[in-house]
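Engineer: Those protein sequence lines, which keep their order, are chains E and F. With this note's numbering, the residue at position 107 of the first sequence is 107, and numbering never jumps. With this note's numbering, the residue at position 54 of the second sequence is 54, and numbering never jumps.
Among the clues, some could well be false.
Stated by the list, open to error - Okay, the calculated beta carbon distance ranges per label pair:
#1 E:His43 - F:Leu243: 23 to 33 angstroms
#2 F:Asp285 - E:Ser75: 12 to 22 angstroms
#3 F:Arg232 - E:Val97: 38 to 48 angstroms
#4 E:Leu28 - F:Met115: 34 to 44 angstroms
#5 E:Ser29 - F:Leu123: 36 to 46 angstroms
Calculated directly from the structure, the hints in this document are not laboratory data. In this text, a Cβ means the ideal position worked out from N, Cα and C, and glycines have one as well.
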Amino acid sequence: MSETNPNPAPTPTPTPKSPSLLGAGYLLSMFAAGLVLVYALDHGRGPNVLDGSEAPLSPARVTDSAMTAEDADGSIGQLRRDTRDLGETLTETQRRVETLEADLMRLRRDQVTMLESERQRIARELDSAARASGPTPAGGSSPEEDPLARLRHDLAGLEARFTETGVLLSLSESDLGFRPGIAALPSGRPESLSRVASVLELHPDLKILLRGHTDSSGKAASNLALSERRALAVRESLIALGVPASRILAEGAGESAPIADNATDQGRRLNRRVEIHLTRP
Amino acid sequence: MTTPTPSIARLEFFPISFFAMIMGLSGLTIGWEKAQSVLKLDLGISSWLVGVTASIFVILAMLYIGKLALYRAAVVKELRHPIKINFFPTISISFLLLSVAFLNLMPQVSQMLWMVGALLHLLFTLYVVSVWIHHEHFQIHHMNPAWFIPAVGNVLVPVAGVPLGYTDVSWFFFSVGMLFWLVLMTIIFYRVMFHHPIEDRLMPTLFILIAPPAVGFIAYMRLVGDLDTFGRVLYFSALFLTLLLFTQGARFLRLRFFLSWWAYSFPLAAFSIASLVMFERTGSDFYRYLGVGVLTMLTGIVLWLLVATTKAVLQHRICLPDH
Chain E
1 MSETNPNPAP TPTPTPKSPS LLGAGYLLSM FAAGLVLVYA LDHGRGPNVL
51 DGSEAPLSPA RVTDSAMTAE DADGSIGQLR RDTRDLGETL TETQRRVETL
101 EADLMRLRRD QVTMLESERQ RIARELDSAA RASGPTPAGG SSPEEDPLAR
151 LRHDLAGLEA RFTETGVLLS LSESDLGFRP GIAALPSGRP ESLSRVASVL
201 ELHPDLKILL RGHTDSSGKA ASNLALSERR ALAVRESLIA LGVPASRILA
251 EGAGESAPIA DNATDQGRRL NRRVEIHLTR P
Chain F
1 MTTPTPSIAR LEFFPISFFA MIMGLSGLTI GWEKAQSVLK LDLGISSWLV
51 GVTASIFVIL AMLYIGKLAL YRAAVVKELR HPIKINFFPT ISISFLLLSV
101 AFLNLMPQVS QMLWMVGALL HLLFTLYVVS VWIHHEHFQI HHMNPAWFIP
151 AVGNVLVPVA GVPLGYTDVS WFFFSVGMLF WLVLMTIIFY RVMFHHPIED
201 RLMPTLFILI APPAVGFIAY MRLVGDLDTF GRVLYFSALF LTLLLFTQGA
251 RFLRLRFFLS WWAYSFPLAA FSIASLVMFE RTGSDFYRYL GVGVLTMLTG
301 IVLWLLVATT KAVLQHRICL PDH
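In isolation and in its complexed conformation, chain E is listed as follows (with noise of 0.2 angstroms):
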């Protein structure tokens, strides 16, 4: 196309000098062209009318298009009103929530003092009923006596739960002096353990099932391992301690049965624990 070559321009039929005017007065009407398209889509009427030679608009056809303009207003009030009404709603759950939340942890609260001071009675009864029945004598049972209050006596050191199977006892990770991760009892045994031992030997009937926990950090795999390796020291230390083997069985449940949040540090320090089932066979 453009040449370099000296040679002027060859002098072709000269283009129709088109007027610049009526240039830019087409170029401007075709831009136009395209803003009223969008603008006649936009007001929900085919791209038909940009024909020009369209009928003028009937009058039903301007009410019909004022009438919904008019909705269109209307539509938009309402829906103002509905978003208003639905914030409102929505502030009034969300204090409704706190209400019950509070309500809640209230109800938790009051239901923890009374079971805790239903078990002090419970405690102090059976301490007067013992003190009243004399002095026992170690190992030797009299018939008569209920051996589940003798149990719970001699229990009452210890965190002990009282089940449909027996007794729970649960003794945590630092209560038994784990390090993280590490299944090996410290050398000096820790004093639960003795009571436990001791209790034994006071209930020759009782049978005990070992079950180490962890939390929930780790994978679960060796998080089992690590429960049933624990569980097993347990078992290792309270034979040590005169507890005949043949009444102890001992088994990992791993992450599987938390008892706290595994989100919280807290929860997890609660989860990584060994139980002691008491059973009577």
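Keeping the supplied structure of chain E fixed, place chain F upon it in accordance with the hints.
Structural biologist: Showing chain F alone in chain E's frame:
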């Protein structure tokens, strides 16, 4: 070229810049495809536009292949020409644009076109740039906006490349295009400001200045997905250059018709599409009106160019030794 006997002889002077026509036509096609999807409107013109564009491309390609076969020397002369050389990438750009136009209609055809276009364009870019580097005959007055054509093509690759799944390749071409945009823009402004003005017949190519940021914006949106700072910089640069050129409108309208007028068309299409993309991202009506307005104006320009080109062809004013 349609006249019977002398047509063979005139084939020798069949100009490479004819392919700029395809850029304009496919720009228009893609623009209308985009506008119809933005306006949620089906005018049923997409396949017609694609068909017409593709047919003209096939005709031009056949003519040029004929020229290559019969008048190899003439082709080589064009390849050595300091200005015409920049029009060779319009062939690969045509492939790339057609691949964008075919993207939704026939994805497989689109992929083939894209691969041919991208490869060819890489070769053209390497060739053109190495000619630039090892030039012996370039003067500052040879520098004109047509030099942008090889650069624009690179930026165009991601537009179909990303949807076709060639992300890294697309980033490669995009980066190359952006690199040359900055370099060439600087040189162009230097030339325009400090040296004698661009000759009349090349004035329309000034419009190509709009293309790199506009196409770059579309490509960048494909590559990144979000409208971020750089995307906005690209779009508003394109908007500024468009405004700048329209304020020079009077000068452009006084010009005589040359084939280079087709250079008006593609950058405007790119800017129109960029505005429509901008509308999709921001939801602002301003961009939609602007995009569609520019598109209809472009439609007017293309119709006019088609008439002018046909007239020029019939009056034997194009395939002349000089052009």
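Engineer: Does each hint hold? Answer for all of them.
Structural biologist: Here is how each hint holds up against the structure:
1. At about 29 angstroms, the beta-carbon gap between E:His43 and F:Leu243 stays in the expected band of 23 to 33 angstroms.
2. At roughly 20 angstroms, the beta-carbon separation of F:Asp285 and E:Ser75 lies within the given 12 to 22 angstroms, and the hint holds.
3. Checked against the hint of 38 to 48 angstroms, the pair F:Arg232 and E:Val97 passes, with Cβ atoms roughly 42 angstroms apart.
4. Restraint check, E:Leu28 to F:Met115: a C-beta distance of roughly 42 angstroms satisfies the suggested window 34 to 44 angstroms.
5. Between E:Ser29 and F:Leu123 the beta carbons are some 43 angstroms apart, a value that agrees with the proposed interval 36 to 46 angstroms.
Of the hints listed earlier, there is not a single one the structure fails to meet.
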